[in-house]
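Novice: These are the residues of each chain, in order.
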Amino acid sequence: MQVGLSGPLRAAANGEASIHIEAETIRELLNRLLERYPAMKQHMEIGIAVSIDGAIYRDNWTTKIPEGADVYLLPRIAGG
Amino acid sequence: MRYESPTTAKAAVDLLSKEKGKAYVLAGGTDLLVRLRMDMIEPDLMVDIKNIPAMNDIKKTPNGGFKIGAAVSGAKLGANKAISKAWPGVVEATNLIGSDQIQGRCTMVGNLCNASPAADSVPAMIAAGAKANIVGKKRRTVPVEDIVTGPGKTALAKGELIEAITLPKKAPKSGDAYLRFIPRTEMDIAVVGAAVSLTLKKGVVEKARVALGAVAATPLLVKEAADAIIGTSLDDEALEALGAACSAACKPIDDKRGTVEYRVKVAGVLAQRAAKIAYERAGGK
Amino acid sequence: MQHDQSYTGQDFKVVGSRPKRPDGIDKVTGRARYGADMSAPGQLVALMLRSPHAHARIVKIDTSKAEKLAGVKAVLTAADLPDLTNGNAGDYATLENCMARDRALYDGHAVAAVAAIDKSTAKKALKLIKVTYEKLDHVTDVDEALKQGAPQIQPACDGNLGGRYEFGHGDCEAGLKEADVVIEKSFKTGQTHQGYIEPHACLATVGPDGSGELWVTTQGHFTYRNVCATLLGMDIAKLKVTSSEIGGGFGGKTHVWIEPVALALARKANRPVKMVMSREEVFKASGPTCASSMDVKIGAKKDGTITSAFIECRYSDGAFPGIWGMLGGMTAWACYDLKNCQSVGVDVLVNRPKVAAYRAPSAPMMAFGVESTLDMLAKELDMDPVQLRLKNVAREGTQSSYGPVYGPIGIEPTLEAVRDHPHMKAKLGPNQGRGMACGFWFNIGGQTCSDLNIGVDGTVNLTVGTIDVGGARASLSLIAAEELGISYDDVKTTIGDTNSLGHNDTTEGSRGTFSSGMATIFAAREAIEVMKSRAAQMWDIPIEAVSWENGHAVATGAEHGNLPPLSLKEIAAESPTTGGPIAGHHEVTADGSGVSFASHIVDVEVDPETGRTQVLRYTVVQDAGKAIHPDYVEGQFQGGAAQGIGWALNEEYIYGEDGCLQNPGFLDYRIPVCSDLPFIDTKILEIPNPNHPYGIRGVGETSIVPPLAAIGNAVSNAAGVRMDQVPMSPPRILKALEQA
Amino acid sequence: MAGVHVSTTVNGDPVEYVCPADESLLDVLRDRLGLTGAKEGCGTGDCGACSITLDGQLVCSCLVLGAEAEGKKITTVEGMADGENLHPLQRQFIDNAALQCGICTPGFLVAGKALLDRNPDPSVEEIRYALAGNLCRCTGYDKIVRAVQAAAKDLQKQKK
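Residue numbers (my numbering), protein chains in the order written: chain A, 1 to 80; chain B, 1 to 285; chain C, 1 to 740; chain D, 1 to 160.
Just chain A, same shape as in the assembly (with noise of 0.2 Å):
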């Protein structure tokens, strides 16, 4: 599937807006993310979303991506 890296994960992954990796769960995709981009652990560790759908997951790495959903990377939100 293709994922979609919002601005600041771009940087992580060799300046690509989009990438292709083969995930059925968000830590699994996260975990690819990792090994191909080691980079990528610092804004892990800032925090990080993943977006299926529209819909924004932070915490819920169990969380199954569906075939053909749209998914994007973001940086993790807060609130007030």
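One or more of the hints may lead you astray.
What the hints assert, rightly or not - For lysine to aspartate or glutamate, the following EDC-like pairs were computed, each having C-alpha atoms within a straight-line distance of at most 20 Å:
#, chain 1, residue 1, chain 2, residue 2
1, A, K41, A, D53
2, C, K119, B, D44
3, C, K735, B, D254
4, C, K532, C, E574
5, C, K135, C, E657
6, B, K76, D, D117
7, A, K41, A, D59
8, B, K276, C, E609
Because the hints were derived from the structure by calculation, they are not lab data.
Since the model is a prediction, treat every value here as computed from it, not as a measurement.
Fit chains B, C and D to the given chain A structure using the hints.
Specialist: Structure of chains B, C and D alone, referenced to chain A:
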């Protein structure tokens, strides 16, 4: 700190004059207790004057004016119909001080003795020609414009306190008004204040006094501004001259509440607006 | 067990009604207990000594005289706290902000603390602490701080750059070439404070065995527990944190400020310690939001199609780096469907207090720049501003400016509602003008758990771990009642302490009702399963033959269908003999929160001679997903709008040349008073969030996003001047009028 | 610092206390008399959360010395309900959802009651100006003003 609550003016004077440390007069406390709370003052003695009966009274003077005791709150002043009718500008100015809660405590004399250049009631009192009745070793009476000598400084000597404010008898065909500028609708300190008191003769301004607040180190009585409208029927030209004279008299500072430029401009605007209200109140058309 | 979180589209019986809140009587009688309302036997009073300098090296702190003063039980400096200089960066910053070690980084930065038998003794002790400072150069302005040679605030950073984050897609340069019109403008916003009326307050106890208790006003008692225990080297399970009623937070009570110090003093003195901030301390040393400075450039075709949208916004994070630029960057263009867009958020360090979240943090600034510039574009194109926005509006399937493709969203419906609102057609008088603007916020979910216990009389205790900041207990009671099929009055919702529930994230990011609502629904469903099995026992039929309808167990199938249904009350009454107490429990990471959008309309009148702006009429239109208790949804819309109005017109941190804050009080930090505001009309739209069983989106934050620009646009229409700086204070407007 | 001995009346009950001369009445109520309904939001008379009445006059208790209460009659939010019967204003605050966090509520109730005592039929503008000394950061004041209007109607009905 000691707290004393004398029941006569003489006892208050004695306490204040005998105290070796720092002594303060407590009336409404709406400025003094803020300073206490913010650790800006460390009093040795606080003399509460609210239990002195005469200081809680509003009385008509023999010549038709009013004597307002130093402990009379803004709320009490506002409830007095006779003064509100005679000197609406003074009453409105006093009632602009703070919220209803503050009005329950604050006093004109306190507003004056706190000696802030931005005090609301002071320009109105000055325009009205009010006088301060001082008790101390001797009694003396001083025009209100001579009380404040600088920010936080007054002409009162140690052991002196103001017992009451005297407002003169309202002349026929006269009116007064006070306006202030604040960014909100309530609860702010004046960025500029302007008071006008005038007397008409056949629609022409015969006498006038104009006072400004928050535009200099002390409230200002601006003679040039009064001169600009005396002899006129407050036409556009006179208002223009009034605004210009007020702006010219300003010696403001830049601070968190406003800029020099802003205060100079708005002083003129407010004086014009206040003059129109006073003129109308005096029966002018 | 993974529950299906998707939207059920059900018809609601009690959800959507407006019952009385459960904490109402306590709060109107003065009985409700807030942070400063708790006392303990033998308690000490603690006060903080704070730096009078914007930036200074702490050469020496001599506490010996203070320690000798009768009645002083503990004196504390950074030397008494763990040195986290080389540890986790976040923990270091948090503790360093609570108590400066080597340098005071802003006016009001804590440098020492005392605990004494009463306030006046503590005050005297503070005066006896002698701190030797070496003053350093300071910088408080966000743009100045980025200049070469500006005093550096954190040695680990590159100058004062805390971080730079870019978002967007397409090619803005190429987009500009397609444009018929290009608008370019720079803007600034002042630093504002959440302005909650209750100052930070806590009561701390720690024994020599390392066990402690903390009573505190907070948006997240579990988070406070974890942070305080981590900073002080305590075991998390041994620190019990109880949240008081909270007197407003708006993001400002998501971080610790005095609590670790109070706990450390209590440990040192082995006595309960009460610590309450003064209002001056709240302004100087809690966590306001950022000041900002930004540059916007928008290109569009004659028909209004935006071909290029660029914004860079620099945020002042205070003395420690944060994520505020990043958050702002993500929100900038979120309302629109754009081929080419870029947003850059920059975090900048200055000698001001460490910034905390404030309601939709960082979004209002970006919206001020974006929505003001769009208004300028509409004027340039001679196009209706609502039409311009509708022309470019984001919809389901649009790729958002921060990356993901949107699901069902509500920006277009809010704009249509604004277009059709009678407010848009109302007549205006002289010197009056109307403005509108849009806003976006993410909303978040997070870790949550709820406990639901059914008493023998069939009444229900719901215990949740998310703080109720604005009426959530009423909403959660409604949800439990809805799910169980019982009356609202039969549910009592309580906020549990940290010993009574598993971890709950802080009430922030508009997550309270979204996430605890979700946990409550599933806890109730678990209890229903238990009740079905009890009913099966009572009837002596298989559980498969029992279903749950309208608060009753119903026997199904031909052979059992004639059994009269059993009510929840009847099942509860039998619970002692059918297996004991009936309960449901659920823990969840409530992800999948729905993004929310709002469009606001405002009328103002500007006095051309004084520059003063009066708000005459205000309308909020916002998508709530589903309004559980509409009163409190409206309350969130109104409160956010009022805060935005304050920000737009008068609120601002004012720093002097000396780098010290000049207005740390409600007298000169001017939040709107009652007579400043009109009634604030609201229109709730309900576009369900597909990732919540009831369709809930967060509602708490978005309403503060549009007001700055909406008012700026209204001022522009009323007075003919475009304000590029908030607050749009009278001196600024008068100056703009004179220059026009 | 010498303590001042004060005899006063709080919500109709005779009360005595000794306090330092510089202690505020708010601190006396909260820390000595256990009446924590009045809140300290600012300590400088700007927020109104500490509103009480002193001899019937609405004041900020943070700007009154405890020593000044000698011989006075004090009422606080705790004295507003008559037994189990809430004052109409208290009831309308709940019914109109006029509170969110509720920290400002005691001050608004005391100030609102003072307004209705002196002006039983206030206009919206009069309500807004009378309550300008009470800050609320949650509600935007909308539902608070409506609650005061509704309570005014209730009180008028009661009188008829």
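Novice: Return the numbers of the hints above that this structure violates; sort them in rising order.
Specialist: Violated hint: only 1; rest satisfied.
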